[in-house]
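J.: If you want the building blocks of each chain, they are given just below.
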Amino acid sequence: MSDNGSVPFQSHYMPNTPAQRAVMLEALGLDSIDQLFEDIPSEHRSPSLNIPPPTSELELRAELEAMAGANRHTGAHASFLGAGVYNHFIPSMVKPLITRGEFLTSYTPYQAEASQGTLQVAYEFQTMVCSLMGMEVANDGMYEGASSLAEAALMACRVTGREEICVLNTVSPTYREVVETYALPQGLKVTTMDAVRPRLPEGAACLLTQYPNFYGYMEDLEAHKVAAQERDALLVVSTDPVAMGMFRPPGEFGADVVTGEGQAIGVPMSFGGPFIGLFATRKKYLRQMPGRIVGRTVDSEGKTGYVLTLQTREQHIRRERATSNICTSQALLALASAICAAALGKQGLRRVAELSYHKAHYAASLIGRVAGYSFPIRGTFFKEFVVKCPASPSVINERLLESGIIGGLDISHVMPDCMLLCVTEMNTRGQIEALAGALSEFSR
Amino acid sequence: MNTVDNNRKLLMEQSVPGRVGTVLPDLDVPEQPLPGQELLRDEVDLPEITEPEIVRYFTNLSRMNFSIDTHFYPLGSCTMKYNPKINDEAAFLPGFAAIHPQQPVGQVQGALELMHHLQNYLAEITGMAATSLASLAGAQGELCGILMIQKYHRDRGDGDRLKMLVPDSAHGTNPASAAMAGFRVVSIPTDENGNCDLEALKKEATPDLAGMMITLPSTLGLFDPTIVEVNRLIHEAGGLVYADGANMNALLGRVKMGDLGFDVMHLNLHKTFSTPHGGGGPGAGPVCAQPNLQPYLAAPVVEKRAEEGPERFVLSTPEKTIGKVSASHGNFGVLVRAYTYIRTLGDAGLKLVSENAVLNANYILAKLKDKYLLPFDRPCMHEVVLSANWQKAKGVRGLETAKRLLDYGFHAPTMYFPLTVDEALLIEPTETESKETLDEFIEAMRAIDQEATENPELVQNAPHTLPVRRLNEAQAARRPDLRWERKE
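From first to last, the protein sequence lines are chains A and B.
Under this note's numbering, read the first sequence as residues 1 to 444, first letter to last.
Under this note's numbering, read the second sequence as residues 1 to 488, first letter to last.
Keep in mind that a hint or two might mislead.
In silico DSSO-like links for lysine-lysine, alpha-carbon gap of 27 Å or less [as the list claims (entries may be wrong)]:
| # | chain 1 | residue 1 | chain 2 | residue 2 |
| --- | --- | --- | --- | --- |
| 1 | B | K9 | A | K283 |
| 2 | B | K487 | A | K303 |
| 3 | B | K85 | A | K95 |
None of these hints come from the bench; they were simulated from the model.
Here chain B stands alone, though its shape is the one from the complex:
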């Protein structure tokens, strides 16, 4: 761990005056007069450091991370599947990486063709009429979908529909997105089987209802068998239904969201379609819509003209668009990766994804339910929610169980989410893990349960083997230290 400890010196602390990290060319044109001194700055406080030092610093920093390439990462609701290498190679091709978003469309037909195919594939997979690739992340896709619903109602003189329903198990972005659009958010409880509480829903199906945001399968990893009825109730009350596609990994080729009555949804290309998470971005959150909402999609979309020609593929603005959500056309580099993934797997491979993802999760469920409380005793979809309540009774909290897993070389599951389950541990293995890896993980979970009985302190103080021990988050929030500052 020595390299790691030495590596805690920041770039500015390693800086030595006179060192350079790159050599730039000499000026090859006559020098031009500079603007007045009052417009110029003295200097920028950036490090002076050479290339070998930079490479070693960042390489060693990377070694302090868990990642899919190095570890099993069963992080529920995040779909940490393997990120294929050809996807990155494709995105870095000069014809994709070195093109400018404002080039005339005749110069970028290949890029537009790829986007057009991807729009169609995503519409086909979701059973929707059309796709906009413009939104840059899942949360932005949600915002787009909600703005589309809002504009739809307003255009029909129904602008008083100000209420948006969100299940209590929903990801936090759902209520946050609805609130950003100005909606009043009402939470709908989950019933004892893990499904939508239909009685509570009926009470909220009032004339001010704009719609509902539903994650399917839910963040409890469950497919709500009453979903068609739920969607019918919303529609009867004049509302529209938004599907949060975060959990689509369970459903590829198994069901189309459009067939179930959803009006609009987003997909997370960085989850279901294997694009890397990058430590917290970039992602992409394309939005797919039914014909009623298609005219409202975020701009631009790619259209294919009927006639052959040098401008076969063009960028266009949907008729009643909610507008633009970024300066360009979407996270193209992410789109290239997702396109490559879909083409690699094809129809047969996509179906295998959900089969293996769901089988892997149920296997974990079956092998752990005698040691960890299973709040909903029924088959799960691509992820399983367990509760560490039995361990809590022995004095070991879910957080500690999760941290102890790090010592065993597994990334922790998602903890304390969904909020509706005590001591929740949300485990999503994905289809790219082998039975052998699952067995090792199951062994570790069982071993930790035993440790909780025999040696609870060992678990309570975990992790023991990582570059740092448990960090003081309270101090970080109380006395924010958010950047390096020169000591005068």
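For reference, chain A alone in the conformation it holds in the complex:
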């Protein structure tokens, strides 16, 4: 079968043998597979392909392990890095369940009768997101936290028929960038404003807030709701689902849309993805919500079943008039989050939140005693806080790495000499004290 007469490569992923291919070609009345590609302009057919040759699984595994081994990971290091991506506990049951082929290798559940597992999981996930956020309806998931916030901003513009998006300056700078990527090309305006007593301009569509905010502190959602309401604008809150284990949810403050990064519940950090964007809103905005939505219904015999619903919002029906182009729900990560949330349960999620809270505050109390370190932001924080350092945070982080510690995020470009530290239930007392000890070497 090979063009040059050499022994053709046999792939363990492709069952057809050369003999079978010959039989199939004969059924087509053809002599060569090349005849099937004759619509391709002849001068462009079969170009050179500069890709390494096939590699055996045995050899490739060793290469991959070496490449992975070149990274500093939380399996071998204490980490105090957060800023939207968190190292939280994932129960052992999550991985074997999400890697079951029946979940892992199925498609979007368009064929409801053949996808009841995926669909029922989605319904569980939507239930969980509503509970966490204190909201009425949720979708089956967005790509991740930042684009989920961007889609919420677009939705607020559709709902209000307005074009100005207001963002508090305490929202993650990266999230703000993503909102701009989505909003500016459409001709929408993005305005940044101070988080202390924000005043929205007339005609604002929404106020985007983060709770806890990028720096780890709890925002005054009650005040922000009033500020938004004064202009009939929507209050949009991006949140950390773990914080929802102990803090009052945005829904109780009258938030109109609540988004979030679901990674912290059940999803490994994986260098930033794949993650799961959370998206919840009020019933009255349901038909303006982007993304997949699963509903409970009955079959022709009256038995309970689940289906994709309200699909007339979506691109495959509505095309250029859809609420969004999104057609992914990150279902596998929604599954991971649903399993993890069930495993943590009512008591466990609160426990994870409280362990993180106490450990973070303990870390802050130790660091606060070291001369030269101070806390430039006042207020209630959850598991992250900003510390002003006596030396460059990047220099400090290099020193920490020598002690096996991945330090906090260097935010000196927005706050001079400041580091954003994160502490979760994964950090032991020993690690926290080692961190404070290493920091004290820079004490002044």
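Guided by the hints, dock chain B onto chain A, whose structure is given.
T.: Structure of chain B alone, referenced to chain A:
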């Protein structure tokens, strides 16, 4: 089916106060003062349930799914090929799964090296100059490509180019993505051979043209032999051409999109490059661009510095980038899987993919065209579109034929898409299916055609053997029941 029926009890309905699903450590630091009560919530309404119950519940739920691991899944335009297990193993290595996106680059050189290789492989496969791995799905990749075209025109003082052409056979995300960027979408018809209607195209090649989005092969499973001419017409009118790479499984090693005149395109790693669909995500939609659009790629991209050192690979922001589309660098776990796949197959294996995918589809075409209407009687690429119009004449619709296939143990093909073909059944077998499986599928399709003649009710009421019968979608939409609620 008993376990399945019992399994319909939701987590909250199984919840019993006092049960726990995991045990967490005691607090090992002194307790700190809690914030004021006004900031705290009473409780979270989550289930109380133990580990064995959770594992059984989700395991049994999984058994109500069709999947590639359990079934032939000939879902057109979705490329449901086998998802190799080593890919998952690689993604779960602690050095990949337990690293943080904000770690200084010197700590994650292995991850960046992998991304850099993958960028190069994808550029090589597509014949493009550069790749950004930032976009998280095909639709987001489309949006990136369209925003790049938009910014390119604006930078040249050509911001009045507001019209985006999309063929009538295109996937719905194409017009939706163009609309999200603020373009006016104009649909271009398909001619009687299944190719782009060149006369209609010429009429739209006006000074307000921004570009065109083209899926190649088209969603009809056809390679448009006039594609170079189409791209030339767009370029002559000052527009740029976007390629939707959803169907690249047909073309690996057979043609490079860059050679055909495309300016920018996305790839679906979850289709062509074997990463699992996960029941609807995650995917990844890297974008490859020619030199004219390379500076506009979404941030970040990975660059390799010329000199050796602890920071050989770095993250960088393309000069005129359209910006960031997510908080991190892309769906890294998906990238690891695609990289592993490309390395496993290598140059020779990738070529075999398209050969077998196209041969398998044509084999199905040849064996079914006497029983199902073939709207375009010419060789197809990796997927074949049939029409159930002959069955419809007997009173059996395409939807019902598709549902009946489920009873035979095959996932249904894509139905009623492309929208331009009546009663469309879009069948994509992929290269990972054997001739034996194709023969069984062909037998089932022929049997259903016979049932449509002899016992149409059997087909009309399908499926008969699944956990549920036909579901009431109208009720679901009319009275949305979207979450479990406690009955007061």
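J.: Hints numbered earlier in the text: which of these fail when held up against the supplied structure?
T.: none
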